[in-house]
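Q: The residues making up each chain are set out below.
2 protein chains.
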Amino acid sequence: MAKIVLQDIATKAPKNLDKDTVKEQTAKILEQLDELQNLLFAESKHSVLVVIQGMDGSGKDGVIRNVLGNMNPQGVSVKSYKAPTAEELSHDFLWRIHQYAPAKGMIQVFNRSHYEDILVTRVHGWCNDDTAKKRMQAINDFEKLMQEHNNTHILKFYLHISPEEQQERLTERMQDPAKMWKYNEKDFEEAKLWDVYMKMYEDCFEHCDKPEWTIVPADQNWYKEYIIANALLDLLKGLDMQYPGLKK
Amino acid sequence: MAKIVLQDIATKAPKNLDKDTVKEQTAKILEQLDELQNLLFAESKHSVLVVIQGMDGSGKDGVIRNVLGNMNPQGVSVKSYKAPTAEELSHDFLWRIHQYAPAKGMIQVFNRSHYEDILVTRVHGWCNDDTAKKRMQAINDFEKLMQEHNNTHILKFYLHISPEEQQERLTERMQDPAKMWKYNEKDFEEAKLWDVYMKMYEDCFEHCDKPEWTIVPADQNWYKEYIIANALLDLLKGLDMQYPGLKK
Numbered sequence: 109m110a111k112i113v114l115q116d117i118a119t120k121a122p123k124n125l126d127k128d129t130v131k132e133q134t135a136k137i138l139e140q141l142d143e144l145q146n147l148l149f150a151e152s153k154h155s156v157l158v159v160i161q162g163m164d165g166s167g168k169d170g171v172i173r174n175v176l177g178n179m180n181p182q183g184v185s186v187k188s189y190k191a192p193t194a195e196e197l198s199h200d201f202l203w204r205i206h207q208y209a210p211a212k213g214m215i216q217v218f219n220r221s222h223y224e225d226i227l228v229t230r231v232h233g234w235c236n237d238d239t240a241k242k243r244m245q246a247i248n249d250f251e252k253l254m255q256e257h258n259n260t261h262i263l264k265f266y267l268h269i270s271p272e273e274q275q276e277r278l279t280e281r282m283q284d285p286a287k288m289w290k291y292n293e294k295d296f297e298e299a300k301l302w303d304v305y306m307k308m309y310e311d312c313f314e315h316c317d318k319p320e321w322t323i324v325p326a327d328q329n330w331y332k333e334y335i336i337a338n339a340l341l342d343l344l345k346g347l348d349m350q351y352p353g354l355k356k
Numbered sequence: 109m110a111k112i113v114l115q116d117i118a119t120k121a122p123k124n125l126d127k128d129t130v131k132e133q134t135a136k137i138l139e140q141l142d143e144l145q146n147l148l149f150a151e152s153k154h155s156v157l158v159v160i161q162g163m164d165g166s167g168k169d170g171v172i173r174n175v176l177g178n179m180n181p182q183g184v185s186v187k188s189y190k191a192p193t194a195e196e197l198s199h200d201f202l203w204r205i206h207q208y209a210p211a212k213g214m215i216q217v218f219n220r221s222h223y224e225d226i227l228v229t230r231v232h233g234w235c236n237d238d239t240a241k242k243r244m245q246a247i248n249d250f251e252k253l254m255q256e257h258n259n260t261h262i263l264k265f266y267l268h269i270s271p272e273e274q275q276e277r278l279t280e281r282m283q284d285p286a287k288m289w290k291y292n293e294k295d296f297e298e299a300k301l302w303d304v305y306m307k308m309y310e311d312c313f314e315h316c317d318k319p320e321w322t323i324v325p326a327d328q329n330w331y332k333e334y335i336i337a338n339a340l341l342d343l344l345k346g347l348d349m350q351y352p353g354l355k356k
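Chains as they are written, first to last, in our numbering: chain A, 109 to 356; chain B, 109 to 356.
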């Protein structure tokens, strides 16, 4: 696909949008999602994978709680990927990912994902360009496997915040008692590598584009939640699902 | 690769081979394998996947016991694939396979494997040619993933017996008290589909050939064990492994 230049993409909602109107709309979408997810689960023909990537403080946890957390947890599962364990490192980088691929009927959310293996690793030089290229090919093959062989529909979201907004949010973690548990002084070190991260993200949007990524303006939570809920709605409505009748 | 025609390949050892000499040679190879496997485990840079396929009665279990069973079980793991469970069927066909991909340092044996998804399924018409083609591509991608991203060395063996030898062995299961537990009347039904199975095997040797398959003449256990032990020896000797020194 055409190269995405993150710097040229707004991190905020369009100015003419009214926050309250959008929030009402999101609430309505969430009601529809609840019903559609039930149908997805009942029919069990399709599966959905939602990949959420973004810089520290971009609001991944919030989106998961407010959008995905609204549906029946029996049919929605969240896997957060941290730094790999010794056992995970003794396998190919997709081994720990494939285990959590969604079963038919399920929505699986990845809070960070296999994409970290071509992001944080490249930024820190643990993965060179040649290896990154091979990993991208392996990721494309893997996503094709899920799509072709398990009716998996993949949504990939990049939560796009400005570096200024990030600084504000990371600082807030030092001050808000309800957010202190998320504070990690290393996040400020990582934040200094902003430009390199953007470059690696752009590279991955360009080369791992089946399906394409959705760049979500993420400085405001209400807009980000609307965009993601709406994308999920579009997907599920497009599946033409039906409740199975009585088993004979 | 060039098309393999199974009918043109011997199922027996070359006539000039002396059974006792070969058995002595195998015993020596097994001693070397024991040491090399220990080195593989200690170094933990490479991993080995041994795929064993063959018709009912071709001696898969025997090879595993006599060749692979000779090494330290801490570093050798066997996974037998049966008909997929409901949970396995709700994922892509490689999901249950990837979970058992070998960790670095390990030898993983598959008694039957992902290849069943383009063998038994095709023979019975549960998988059409178009799906089979896509599965073959997915298998090639998956084997490439393990090879490129986890230093996995893959050995694929087809235990090649004659239909006459198979009939004899299946019948023996009805008569030998130590083998009755393996008896399954359905095996005789499957045996009638011999020609279709051979066709599907040939197709998979042709299209899933990275690495190529080893066709093992399997009417005699002593020869089959020698061939497989020797292939494993060649592989491990070629890895140029070294015991790691003291950790600093």
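Simulated from the structure, these hints should not be mistaken for laboratory data. Keep in mind it's a predicted model, so treat the numbers as computed, not measured. Keep in mind that a hint or two might mislead.
Note: identical chains are not told apart, hence a pair may lie in one copy or across any two.
[What the hints assert, rightly or not] With a cut-off of at most 30 Å between alpha-carbon atoms, the simulated DSSO-like pairs for lysine-lysine come out as follows:
{"id": "1", "residue 1": "153", "residue 2": "241"}
{"id": "2", "residue 1": "252", "residue 2": "290"}
{"id": "3", "residue 1": "187", "residue 2": "136"}
{"id": "4", "residue 1": "294", "residue 2": "307"}
{"id": "5", "residue 1": "252", "residue 2": "120"}
{"id": "6", "residue 1": "252", "residue 2": "153"}
{"id": "7", "residue 1": "111", "residue 2": "252"}
{"id": "8", "residue 1": "318", "residue 2": "356"}
{"id": "9", "residue 1": "345", "residue 2": "242"}
{"id": "10", "residue 1": "187", "residue 2": "356"}
{"id": "11", "residue 1": "190", "residue 2": "345"}
Q: Each of the hints needs a verdict: does it hold here or not?
A: To see whether the hints hold, each was checked on the structure:
| no. | hint | result |
| --- | --- | --- |
| 1 | 153 <-> 241 | between (33 Å within a copy, 22 Å between copies) |
| 2 | 252 <-> 290 | neither (35 Å within a copy, 38 Å between copies) |
| 3 | 187 <-> 136 | within (26 Å within a copy, 49 Å between copies) |
| 4 | 294 <-> 307 | within (20 Å within a copy, 59 Å between copies) |
| 5 | 252 <-> 120 | neither (32 Å within a copy, 42 Å between copies) |
| 6 | 252 <-> 153 | both (17 Å within a copy, 29 Å between copies) |
| 7 | 111 <-> 252 | both (21 Å within a copy, 28 Å between copies) |
| 8 | 318 <-> 356 | neither (39 Å within a copy, 45 Å between copies) |
| 9 | 345 <-> 242 | between (35 Å within a copy, 27 Å between copies) |
| 10 | 187 <-> 356 | neither (36 Å within a copy, 36 Å between copies) |
| 11 | 190 <-> 345 | neither (32 Å within a copy, 37 Å between copies) |
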